[in-house]
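Colleague: Both chains are given apart, each in its own frame, so use the hints to dock them into the complex.
If you read the protein sequences in the order shown, they are chains A and B.
Letter by letter, the first sequence follows residues 1 to 250 in my numbering.
Letter by letter, the second sequence follows residues 1001 to 1196 in my numbering.
Mixed in with the good hints, there may be bad ones.
What the hints assert, rightly or not - Below are the DSS-like pairs computed for lysine-lysine, each with C-alpha atoms no more than 25 angstroms apart in a straight line: (1) Lys145/A - Lys1048/B; (2) Lys1073/B - Lys1004/B; (3) Lys4/A - Lys1179/B; (4) Lys62/A - Lys1040/B; (5) Lys1165/B - Lys1180/B; (6) Lys1179/B - Lys21/A; (7) Lys1048/B - Lys166/A; (8) Lys1165/B - Lys1179/B; (9) Lys4/A - Lys29/A; (10) Lys29/A - Lys1171/B; (11) Lys1032/B - Lys62/A; (12) Lys1180/B - Lys1073/B; (13) Lys195/A - Lys166/A; (14) Lys4/A - Lys1180/B; (15) Lys4/A - Lys1171/B; (16) Lys62/A - Lys1048/B; (17) Lys1040/B - Lys1073/B; (18) Lys206/A - Lys245/A; (19) Lys62/A - Lys1004/B; (20) Lys1165/B - Lys4/A; (21) Lys1032/B - Lys1048/B; (22) Lys245/A - Lys195/A; (23) Lys1040/B - Lys1180/B; (24) Lys62/A - Lys1043/B; (25) Lys245/A - Lys145/A; (26) Lys150/A - Lys245/A; (27) Lys1073/B - Lys29/A; (28) Lys21/A - Lys1171/B; (29) Lys145/A - Lys221/A; (30) Lys1073/B - Lys1006/B; (31) Lys221/A - Lys166/A; (32) Lys21/A - Lys1073/B; (33) Lys145/A - Lys195/A; (34) Lys62/A - Lys1006/B; (35) Lys29/A - Lys1179/B.
As the list claims (entries may be wrong) - The calculated label-pair distances, taken between Cβ atoms and stated as ranges, are: (36) Gln209/A - Lys1179/B: 55 to 63 angstroms; (37) Asn201/A - His1019/B: 41 to 49 angstroms; (38) Gly197/A - Asp1088/B: 38 to 46 angstroms; (39) His1019/B - Thr239/A: 43 to 51 angstroms; (40) Asp170/A - Glu1161/B: 32 to 40 angstroms.
Hints are computed from structural coordinates only; laboratory data are not their basis.
All values reported here derive from a predicted model rather than from experimental measurement.
All C-beta atoms, glycine included, are put in the ideal place defined by N, C-alpha and C.
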Amino acid sequence: MENKCENLSLYIIDELPEHEKEPFERHLKTCIHCQSEIDSLQATWQMLSYDVEETDVPESLKAEVMDFIFIENETPLQAQEVSNNKQSFLERLKLILTIQFSPLSIGVTAVLVIGLIGLLWINLHLRDTITALENKAGSPTKIVKSFNLKGQDLAGLANGNAYLLKEGSDTSLVVKLNNMPKTNADEVYQVWLLKNGNRQNAGTLKPDQNGNGLITYRLPKDHSFDEIGITLEPNPDNTQPQGQKVMGTS
Amino acid sequence: MVVKSKSDEELIELIVQNHRPALEELYDRYVKLIYSFSLKMTKGDTEKTKEIVQLVFLRLWTTKRTYSSEKGKFVNWLLSITRNIAIDHIRKEQKHQGTVQLEINEWQQMQDQQTDDVLQQVSKNLLKQQLQEAKRHLSEPQQRLIDLLYWGGYSLSEIAELEQKPLGTIKSRLHQTLKKLRNYFNEETGGVRHGK
Ligand SMILES: [Zn+2]
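One chain only, chain B, in its complex shape (with noise of 0.2 angstroms):
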C-alpha cells in the first residue's frame, strides 16, 4: 500500500486498522510542526519535548475513531492533541514544584525574541507575521494572557492569581482579546485589502 498518496484522513483510517506505516508517513509530515510547538511550550527543553512528541503519536496510534474533515483543519486537530498533552506535562510539573511561579521576566523575554523573530522570519511564514501583527494591536495584559495561557499552560484562575484580579476580569479579557485578534485577522484577509 502507498501511503505516500493518502490524504491525512486515510492515513488515520488506516491508524485505525493499525497499519504501522500510515503513521509513520503522519510522523514524517507532520514530527517537524509537533516538535517546533511542542518545544516552545516547553521553553526549549528538549528532553520535555521528546516525550511530548512520543505521546503524541502514541495517542495517534491508539486512536480508534476515524477523523472526519467536519470536526476542522486535521493539522488543528492534531496541534490541540499536542498542546493539551504539553499543558498536562507542564501542570505536572508545577505541581511537584508546589505553586506555580510567576517569573514576571519571563514573558517579556519571549515578547523581545518574538520581535525578533519577526524580524527574521518576515518572508518565511506569512500566517505567522500576521499573527505577529496582530498580538501588536493588543495591550500588554492582553498579551501576556495570550503568551500565559496559549504557550505557558496556565489555567484562567492560575492567571488571575498571578495578575491579582478578580476570574471575572481575566475571564472578559479573553473574550476582549480574542474578539480583537479576529477583528485583525479578518480586516487584514478579508478580499482586496491583502497585503499592505
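Okay, chain A solo, but in the shape it has when bound (with noise of 0.2 angstroms):
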C-alpha cells in the first residue's frame, strides 16, 4: 500500500486538506487498491446515517422553512444574478465596506454577503471566504430585518433589498439596489428613512455603469424607521427631499 493510500478515508470523510484532494484524486486514478475500496468505504460511512430514532416534526415548521426561504432571502432570478459573478460582487463588497464606508465591521460584511447572496453554501470558496472573515469578527452580526425594494416611474425596472444589521449595539442599515436609470452630472439618488411623516437623511449614492449601487448607513441610537424611500435628487446633501421618489418599501 502506497503512502497515499492512507488518505482514501480521509478523502471519503471529506477531511482532507483542499490542497490534498487533487493529489489525492489522481492517485485514486491509477491505484487499483483505492478504486477498489472507495465505494464500500464510502457506503459504510454514510450508512451511519441510519443510527437515527425517528422524530415528529413540529408541524409550524414548514411554514417557517418556507418564510425563511421566500420572504427573507432575495427571489431566485436575483440570487442567480449574483451568481454569475459572485467573486466580484464580494470583493467590490469588501472595497465598498471597509475603505469607504469604514464603520461596518467584517463581521457585518460577513453576513451582509450571506444574506445577500443565500448561494453562500454551493461556492465553497466563497464559503470558506466568509468563515475567514467571521472568524476575525469580534461580536456576532444579524439581520435583524430586511426589506424589499421597489421602483416606480423612471426606475420602474429597478429593485433593491435593505437589511438592517445589529452588532452588539450598533444598527446599521444596508441597501442594495440593482437596475437603476443612470444619473446625470450633479444627480444623485438618496435614502430617507420614514417615521410618522418625518424623513431622516440616510445617504447618497450614484449607480455604477450596470445600475447597482450600495450603501451603508449606520443608525443613531434607538432611531426606528417604518419606510424606507428613494428619490432622485438634483444634487447631493439635500435634508429635504426635492426630486422625485423613485423607490420605496412596498
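Modeller: The structure is reproduced here in C-alpha cells:
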C-alpha cells in the first residue's frame, strides 16, 4: 500500500485539506487498491446516518422554513444574477465596506454577504472566505430585518433589498439597488427613512454603469423607522427631498 | 403540475427552474429524516435543529445544478448536506466557547441510549439494527471515534487532541473502523446469510 492510500478514509469523510484533494484524486485514478475500496467504504460511512431515532416534526416548521426561504431571502432570479459574478461582487462589497464606509466591521460584511447571496453553501471558495471573515469578527452580527424595495416611475425596472443589521449595540442599514437608471452630472439617489411623516437622510449614492448601487448607513442610537424611500435629487446632501420619489418599500 | 408523482431527481430539476411546489414536495418527503438527523447532531436542541432544517432547504432551493443519480442515492446526498450544515453550526458554537471541550461521559451516555434504542426498535428498522450490531463489534475507542466524528462533528485533529494520541494513530483508527464496519455489513447482508 502506497503512502497516499492512507488518505482514502480522509477523502471519504471529506477531511482531506483542500490542497491534498486534487493530488489524491489523481492517485485514485491510477491506484487499483483505492479504487476497489472506495465505494464500499463510502457506503459504510453513509450507512452511519441510519443510526437515528425518528422524531415527529413540529407542524409549524414547514411554514417557518418556507418563510425563511421565500421572504427573508432574495427572489431566485436575483440570486442567480448575483451568482454570475459572486467573486467580483464580494470583492466590490469588501472594498466599499472597508474603504469607503469604514464604520461597518468585517462581521457585518460577512453577514451581509450571507444575506444577499444565499448561495453561500454552493461556492466553497466563498464559504471559506466568509468563514475566515467571521472568525476575525468579534461580536456576532445578525440581520434583524429585511425589506424589499420596488422601483416606480422612471425607475420602474429597478429593485432592491435593504437589511437592518445589528452588531452589539450598533444598528446599520444596508441598501442594495439593482437596475437603477443612470444619473446625470450632479444627480444622486438619496435614501430616506420615514417615520410618522418625518424623513431622515440616510445617505446618497450613484449607481455604477450596470445600474447597481450599495449604501450603508449607521443608525443613530434608538432611531427607528417604518419605511424606506428613495428619491432622485438634483444635487447631493439635501436635508429634505426636492426630487421625485423613485423607489420605496412595498 | 403534479409534483407528487415526480422522482426526487425530477423535483430537483424543477427546483432549479424555481418551482416552489417541488421544494414543498421534497420537504414533505424528507423533513422527518432531516429533522431527526439534525436533532441527533445538536443533541436534542430543537432551536438549532430548526435553523439547520431551514438552511438545508435554503441550500436545496438555491441549488443551480441538477442532481444526477450517478452521485449516489439522493438521500445520501441530502444527508451529507445536512451533516455539513450541522457541523458548521456546531463548530461555530465551539469557537464561540473558546476551546473544544470533551465530556468523557457524553459519549458513554450516548452509547447507553443507543443500546436502549436497539431494544425499542428491533423490528422497526432493520438497517439501523444492523448498524448497531456492527458497532458493537467495534472496540471502545473505535466506537468513540465514530460518535465524535460522525455525530459530534469533531475533526480528526480535534479527536487526536481529545484522545491524546498522534493524528496518525487516529487516521489509521478511522481506516480500521470503516473497514471493520464494512466487512461486518458485507457478511451480514451478503446473499443467503440474511438473518441469523
Ligand atoms: Zn491508493
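Colleague: The structure should be examined with respect to each hint, and the outcome stated for every one.
Modeller: To see whether the hints hold, each was checked on the structure:
no.	hint	verdict
1	Lys145/A - Lys1048/B	holds (20 angstroms)
2	Lys1073/B - Lys1004/B	holds (19 angstroms)
3	Lys4/A - Lys1179/B	holds (17 angstroms)
4	Lys62/A - Lys1040/B	holds (19 angstroms)
5	Lys1165/B - Lys1180/B	holds (21 angstroms)
6	Lys1179/B - Lys21/A	holds (21 angstroms)
7	Lys1048/B - Lys166/A	holds (20 angstroms)
8	Lys1165/B - Lys1179/B	holds (21 angstroms)
9	Lys4/A - Lys29/A	holds (12 angstroms)
10	Lys29/A - Lys1171/B	holds (22 angstroms)
11	Lys1032/B - Lys62/A	holds (11 angstroms)
12	Lys1180/B - Lys1073/B	holds (23 angstroms)
13	Lys195/A - Lys166/A	holds (20 angstroms)
14	Lys4/A - Lys1180/B	holds (21 angstroms)
15	Lys4/A - Lys1171/B	holds (13 angstroms)
16	Lys62/A - Lys1048/B	holds (15 angstroms)
17	Lys1040/B - Lys1073/B	holds (22 angstroms)
18	Lys206/A - Lys245/A	holds (15 angstroms)
19	Lys62/A - Lys1004/B	holds (17 angstroms)
20	Lys1165/B - Lys4/A	holds (21 angstroms)
21	Lys1032/B - Lys1048/B	holds (15 angstroms)
22	Lys245/A - Lys195/A	holds (16 angstroms)
23	Lys1040/B - Lys1180/B	holds (24 angstroms)
24	Lys62/A - Lys1043/B	holds (22 angstroms)
25	Lys245/A - Lys145/A	holds (23 angstroms)
26	Lys150/A - Lys245/A	holds (11 angstroms)
27	Lys1073/B - Lys29/A	holds (22 angstroms)
28	Lys21/A - Lys1171/B	holds (16 angstroms)
29	Lys145/A - Lys221/A	holds (17 angstroms)
30	Lys1073/B - Lys1006/B	holds (16 angstroms)
31	Lys221/A - Lys166/A	holds (12 angstroms)
32	Lys21/A - Lys1073/B	holds (23 angstroms)
33	Lys145/A - Lys195/A	holds (16 angstroms)
34	Lys62/A - Lys1006/B	holds (20 angstroms)
35	Lys29/A - Lys1179/B	holds (21 angstroms)
36	Gln209/A - Lys1179/B: 55 to 63 angstroms	holds (59 angstroms)
37	Asn201/A - His1019/B: 41 to 49 angstroms	holds (42 angstroms)
38	Gly197/A - Asp1088/B: 38 to 46 angstroms	holds (45 angstroms)
39	His1019/B - Thr239/A: 43 to 51 angstroms	holds (48 angstroms)
40	Asp170/A - Glu1161/B: 32 to 40 angstroms	holds (36 angstroms)
In this structure, none of the earlier numbered hints is contradicted; all agree with it.
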